[in-house]
Structure formats: C-alpha cells, structure tokens
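So the sequence shown is numbered by full-length UniProt numbering: it starts at 1 and just counts up by one.
Since the hints were derived computationally from the structure, they do not count as laboratory data.
Glycine included, every Cβ here is placed at the ideal spot set by N, Cα and C.
Do not rely on the hints blindly, as some may be mistaken.
[Unchecked claim] Now the in silico label distances, taken between C-beta atoms and shown as ranges:
#1 L391 with D371: 43 to 53 angstroms
#2 R102 with S220: 30 to 40 angstroms
#3 E333 with H443: 42 to 52 angstroms
#4 L391 with S220: 37 to 47 angstroms
#5 D337 with H443: 23 to 33 angstroms
#6 I78 with L391: 38 to 48 angstroms
#7 N108 with A68: 44 to 54 angstroms
#8 D561 with H443: 43 to 53 angstroms
#9 H443 with A465: 17 to 27 angstroms
#10 S220 with D323: 33 to 43 angstroms
#11 E333 with I78: 47 to 57 angstroms
#12 K115 with H443: 33 to 43 angstroms
[Stated by the list, open to error] Using 20 angstroms as the maximum straight-line C-alpha spacing, the simulated PhoX-like pairs for lysine-lysine come out as follows:
#13 K381 with K327
#14 K327 with K164
#15 K327 with K140
#16 K267 with K140
#17 K325 with K104
#18 K88 with K104
#19 K88 with K140
#20 K227 with K327
#21 K204 with K267
#22 K440 with K540
#23 K267 with K164
#24 K381 with K325
#25 K381 with K540
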Amino acid sequence: MSTTSNSSSSAEPSQPPALATTSGHPMTTRSRTGSLKPKQIFNLSVTSDISPIPRSAAQAMCDPHWRAAMDAEMAAIISNYTWDLVPKPSDANIVGNRWLFRHKFDSNGRLERYKARLVAQGFSQQPGLDFDDTFSPVVKPATIRTVLSISISRNWPIHQLDVKNAFLHGDLTETVYMRQPPGYVNSSFPDHVCRLRKALYGLKQAPRAWYHRFAVYLSSLGFLSSKTDTSLFMYHRGSDTIYLLLYVDDIILTASSPTLISMVISKLSSEFPMSDLGPLSFFLGIAASRSTSGLFLSQSAFAQEILARADMVSCNPCSTPADTKTKLAVDGEPVPDPTLYRSLAGALQYLTFTRPDIAYAVHQVCLFMHDPRLPHLNALKRILRYLKGTLSHGLHLKASAVDRLVAYSDADWAGCPNTRRSTSGFCVYLGDNLVSWSSKRQHVVSRSSAEAEYRGIANVVAETAWLRNLLLELCCPLSRATVVFCDNVSAMYLASNPVQHQRTKHVEIDLHFVRERVAIGHVRVLHVPSAYQYADIFTKGLPTSLFLDFRDSLNIRLPPDQTTGVC
1 MSTTSNSSSS AEPSQPPALA TTSGHPMTTR SRTGSLKPKQ IFNLSVTSDI SPIPRSAAQA
61 MCDPHWRAAM DAEMAAIISN YTWDLVPKPS DANIVGNRWL FRHKFDSNGR LERYKARLVA
121 QGFSQQPGLD FDDTFSPVVK PATIRTVLSI SISRNWPIHQ LDVKNAFLHG DLTETVYMRQ
181 PPGYVNSSFP DHVCRLRKAL YGLKQAPRAW YHRFAVYLSS LGFLSSKTDT SLFMYHRGSD
241 TIYLLLYVDD IILTASSPTL ISMVISKLSS EFPMSDLGPL SFFLGIAASR STSGLFLSQS
301 AFAQEILARA DMVSCNPCST PADTKTKLAV DGEPVPDPTL YRSLAGALQY LTFTRPDIAY
361 AVHQVCLFMH DPRLPHLNAL KRILRYLKGT LSHGLHLKAS AVDRLVAYSD ADWAGCPNTR
421 RSTSGFCVYL GDNLVSWSSK RQHVVSRSSA EAEYRGIANV VAETAWLRNL LLELCCPLSR
481 ATVVFCDNVS AMYLASNPVQ HQRTKHVEID LHFVRERVAI GHVRVLHVPS AYQYADIFTK
541 GLPTSLFLDF RDSLNIRLPP DQTTGVC
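Work out the full structure, taking the sequences as your base and the hints as a guide.
Written out as structure tokens, the structure is:
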C-alpha cells in the first residue's frame, strides 16, 4: 500500500486527458456527456448521534462504542475456547482475518447496538488442507410460510430466538491456523498464531460445523430433522408438538402450548448463549404483526432502504410493476453503473419473500444482471416506482383449514424476444394462504402453447409433491388430491389421458411424471377461465384492473387496522 499523501507535494495534480466521445450511435447519454450523478450511499436510520462505521480496527479502537463491541466479541471468543496460541508451523497455511463493523437496528429503524465481528479470511484457505465439505442448509421460504400458516390456523404461540456468536460453537475437524486479530495481539507471544478449535465466521466450513452441532443437540432432545427441509426440526409426543425453523443463527419456534416453548428455550439456553426475542416480530428483515385476523408479514423498511439506495425516495409511484407492452431483450446502451443495478436487482429478489406481486417483474430484470442495458434499468426503476406507492403492503396469512392444496399454473408461450423461450408461473395455496409461488423462464423452447403450459404444470406438480411430503412430516396429511388449475384445455387433457403423438414425444418425461401423480390420486388438473387464472400475474405484465384483482387474490394487502403485535 502506498504511503504517499497529497500534502507531500505542493503541485496541483494534472487533469487526465479528455476521452474521445465520438461514436457512430446518434444517442446522447449522460455517461458520454459526463453529467452522471456521483454515487451516493444512504442509510435512513443513521444520524449524527451514532458513531459512524470505522474503516479499520485501529480507528475503531479509538471510539468507545466500537471498542466495547470489539471487547465483547473477543470475550465471547475467549470464553468459548475458540483457539490456542501456538508457535507458527513452518509449513502451515496461515489464514488471515479482519474486523467487520455494523450498526444493528430494530424493526422501527432505531439503533439497537454496535456490532463488531472478527472474521477469518476464508478466501486464503486451501481445499483438502484447511477444509473439505462446506454445504450447510437454511430453511426454505415456502417452509417458513407453511409452518406459520399452520401455527396461525391452530392459534399456537410463535417465538423467535437468536443464537449469540453461533459459528463459534461449531467444532472443527480440520487443523486451521490463523493470525492473531488486529488490536489483540498477545504481547508475550507476538509471533504465535491461533490454532482454531472452534469455527470462526468467514471460514468456509463454519456454517456447516455450526449446523451439525445444533442438529446433534436437538436430536438429543428428541427432535427429528425433516427429510423435506433439513432446517426444519420437529418434536411429536402425544398431543405435544413443536416446530423449530433454523436460518443460520435465527430461530422461529412454535408449539402447541406456551409451556413447551418455555421448555425448549430453557434447554437451548443451557447449551448455547441465546437471545430470547419474545413473540415473533422481526425475523430476517421481515416485520411480523399478529392480530385477530392473522399474521401480517411486511418488508416495508427494506423497500424504503432500496428506494434510498437507488436515490428514488421522491419518485412518482405507478400502479403496476411491469409494462404490458414491453418485452425485455438484449438491446440497448449499457447502464452507467452495472454494480448498482445488480445490487438493486438482488435486493428486489429478496423482497419477493413477502411481495409475490413483483415476482415476474423482478425475474425479468434479474435475467440481465450479467450485462444490464438501459431498457433493463428503466424496467427496474418501474418496479421501484410501484413499490413507492405500495410500501405498506405485505403478505397476509390468516386462520384457515390446512387440509387442502390448490395451485394455479400458467405460461407465456415464446415470450422472450431473443430466445423464444416461455415463462412459467405458479402459485400454491394451503387453505386460503399463499405459501409458494414462482416466475421462471423455461430452459428449452416449446413448440406450442400446450407444450409450454404442460411444462408449467410439471413444475407446479413437483412443488406440490414436495409440499405434500412436508405437510405429512408436520402431521398435517392431505386426504384430498391437490387441484391444479390451468387455462389451457389441451394441456389439461394431456395430464389425464394417455395421448401421445409427434408433437409431445420430446416432453415424455414431464408427461409421465404428471400422469403418475394424477393416477395415484395426488393431483387433479382442472380448467379455469383466464379471468380467474391467478398465476397469470407471474408470467406477464397485466393491465391495471386485472393486476389489482390478482394481487388481492394473492393476499397482498395493507396492514390490518388493529394488531396485537403478539405471536
């Protein structure tokens, strides 16, 4: 790193030569005229009363707030016997580390605490030497919504927990050496290194080690890991039932009685340091408000943050997220800042956890993240304008029977102007609650609308088969067949009748898969008029009136007037 400063020379730096702006293209853009706005980073919750995030460990140690956060992190590491100081082996790979700093805010945007994290630089690990397997599961969004729907329908309490320094509790099976952390080098042994006994944030195998440790302990308490979603743990004893959802170090806990929840919290707290966050209110950036009408899930604060990041807080709202006439293609001028485009598109993708109404539009802009163009940026801005007018909207889960699955499947045949591939979309309801949905471009070109629709049916049948298995493990078996609604008569006939001809031979696997589920009584494919085909919202841009009707059918609503806030 260079140590040269601007003060070392009194001469003014010379201006770089102007770049040639001649082009055969007649369009004039801001990138060519040099009128681009400087990049701005926003955080709506940071004020002058809050210590800013430091750029280095040395800077952090000069601030009492961040120094206290670093001391707390080191105290947790030491109390957990995370490493031993040993002389540096001559032939070992020594992993580096660094401090990361972050403000932690509550659901209302108020500062909760200063957080410092010592992170190992896992990019310097060597496969086969420092690590082997790294995969670690996290709970699927559809599983979360399904379990919450069951809990609301049964009027069960729902709790949330947070494991403090979760990765520090994972046991390492490999020998890993790491440099001593900046600011905390042992003065008696400054040349020693840390031989890790426990996992540390940043290590490639850390999530896997933590998950294994946690799963083994839950097994000792009598919990079973779901085969459908291995981050779902279940406990069944007579009339006592407990569901536990794990997303890294965040836990949702629901049970048939408050006594069971208290028992589990007590057991977990005796093994791991836990923060009991009380009734479910804010999980993975999602606000949850319980009322007499059900559970309302919202990411309005995150949506506001996305608007601020895009410098569109004051933009004019629009009524739909996608244009009905425009199909995105690979044409157009490159965007000035591809990194910002990818950041916004990725953030919008996470927002679809509670906003299925933007799933199609977000999927379309994400298709071009590798090479975004100005038309794609305009489409992304339209999504943001739509969010501006619907910031308070969210997904509503209500008490409903959990004894039936109903799905809607649709496809936009040859909708892509470049590849002529179709876009499939589906939505699945457990009782009256929307628990799963998808908007996805098909991998191959379909030769007819019936073929495109049938591939979409195969996708939703696979999803409902997975959900049926999940419900079976949750002790909510379905006695009735899953009804799949489709607005294409030819595709409906193909699902139930042994029709085979030249135009369907190449989709034989999908044919056999769907017909097998129909034959065993797990699926019924029925026709629905296009005016009631709710999955249409996942395949194309819709006119405003139809879009609003379908959005309401997805249970995307404003928050209830009266909420208890207690889950």
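Review point. What hints, given by number in increasing order, does this structure fail?
Key: Hints 1, 3, 7, 10, 14, 15, 16, 17, 18, 19, 20, 21 contradicted; others consistent.
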